[in-house]
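Count the sequence shown with mature numbering (1 follows the signal peptide of the UniProt record, and there is no 0) and you get residues -21 to -1, 1 to 294, in order.
Heads up, a few of these hints could be off.
Here are the simulated EDC-like cross-link-like pairs (lysine to aspartate or glutamate), alpha carbons at most 16 Å apart as the crow flies [stated by the list, open to error]:
| hint | residue 1 | residue 2 |
| --- | --- | --- |
| 1 | K197 | E179 |
| 2 | K105 | E20 |
| 3 | K197 | D178 |
| 4 | K197 | D90 |
What follows is a set of in silico ranges between Cβ atoms, one per label pair, in the way DEER data are often shown [as the list claims (entries may be wrong)]:
| hint | residue 1 | residue 2 | range |
| --- | --- | --- | --- |
| 5 | P224 | G192 | 38 to 46 Å |
| 6 | N149 | A174 | 32 to 40 Å |
| 7 | G189 | G120 | 33 to 41 Å |
| 8 | G259 | A281 | 22 to 30 Å |
| 9 | T103 | R125 | 36 to 44 Å |
| 10 | L167 | R198 | 15 to 23 Å |
| 11 | A242 | T97 | 25 to 33 Å |
| 12 | R198 | P166 | 34 to 42 Å |
| 13 | G40 | G259 | 14 to 22 Å |
Just so you know, the hints here were simulated from the structure itself, not pulled from any lab data. We put the beta carbon where it would ideally sit given N, CA and C, even for glycine.
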Amino acid sequence: MWKIGAAVVAAVLVSSFGAVTADAAPTRTAESRVPAGRFQELLVPSSMGPIPVQVQWAAHGGSAALYLLDGLRAPADHSQWVSDTDALRQFVGDNVTLVFPVGGHSSFYTDWYRPSSTNHQRFTYKWESFLTRELPAYLAGYGVSRTNDAIAGASMGGDAAMILAANHRNQFRFAGSFSGFLNPTFPLWNEGMRAAMWDEGNFNVDDMWGPPGDPAWKRNDAVIQAAALRGLPMYVSSGNGVPGPIDASRAVGDTANGMGLEAMAEVGAEIFRDRVRALGIPARVDIGNGTHTWPYWQRALAAARPMILAALGVR
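Work out the full structure, taking the sequences as your base and the hints as a guide.
Printed below as a string of structure tokens:
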């Protein structure tokens, strides 16, 4: 289903934004060749092998960037932000480069201890290293700043975005979580993650952060790391599991599943909201009706857009 959607999106992008191409590496003159406002596909070297990255270059050649992270079912051939939302249209006139890392299926965009032992994974996920070292260094060859970036993610990508921002304040100027699970150390949530990751690719959560109680769990918990986010503009959104008009056209089974997942996301958002309030840290936290699905995250991105542009100094 997603491959068909990607093909349609590619056709639209070719007609609207110009040809979709792939580059193995930038050259010294790459910055001058970046087609302002155009969509492009890159192939970026990493310790995990070549990683596809889709980009929409800043409309006027600016250096600011917004990284957008997918959810647990991240496809291998495109970003769902490109195929399932209007993110490209939302920022098409803005002087900020949109960066869509492709892949990361069940990865939580983190550095794993070792390859997953339950699905014969041939390499170790090192997504934090990629997103904060390898990819920024590569994009710098195209004139993209390594210190004036924003990051946001949906579902799995939500907590990841907050944690990456907390641990790499020299890179990120804004963090956003849309229906993210912001408190993975919450009692029994590790088992919920285990079940979800097993269902989505037979991944073993113990190979990611170790067993419960391992320090990696606390390092990757946005509630626990909230103090590290002080001074950073943040936008956190979540539904409460109650379907709204957006859900009317969806299958009953999909809506029911999205209701349960969003109820969990709401708990995490509320805990995070209470934690930052207790610490005296400003953050915009919006919770309302809605389920765990892309149309809500598209709406959340639109709500966050003014904050993102302001944080990056984009006019």
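Now for the hints, and whether the structure bears them out:
Between K197 and E179, the direct Cα distance comes to roughly 23 Å. Violation of the 16 Å bound is thereby established for this hinted pair. Distance hint between K105 and E20 is unfulfilled; the C-alpha atoms sit about 21 Å from each other, more than 16 Å. Distance restraint check for K197 and D178: the Cα-Cα separation of roughly 24 Å exceeds the 16 Å cut-off, and the hinted pair is therefore not satisfied. With a C-alpha separation of about 14 Å, the suggested pairing of K197 with D90 holds against the 16 Å cut-off.
P224 and G192 have their C-beta atoms about 43 Å apart, which keeps the hinted 38 to 46 Å range intact. Checked against the hint of 32 to 40 Å, the pair N149 and A174 passes, with Cβ atoms roughly 36 Å apart. The beta-carbon spacing between G189 and G120, approximately 36 Å, falls within the hinted interval of 33 to 41 Å. Between G259 and A281 the beta carbons are some 29 Å apart, a value that agrees with the proposed interval 22 to 30 Å.
Against the hinted window of 36 to 44 Å, the Cβ-Cβ separation of T103 and R125 comes to about 24 Å, which falls outside the hint. Distance hint check for L167 and R198: the Cβ-Cβ separation is about 20 Å, which falls inside the suggested range of 15 to 23 Å. A beta carbon spacing of about 28 Å between A242 and T97 agrees with the range 25 to 33 Å that was offered as a hint. Between R198 and P166 the CB atoms are about 18 Å apart, so this pair departs from the stated range of 34 to 42 Å.
A C-beta distance of roughly 39 Å is found between G40 and G259, which places it outside the suggested range of 14 to 22 Å.
Hints 1, 2, 3, 9, 12, 13, counting from the list given before, are not met by this structure.
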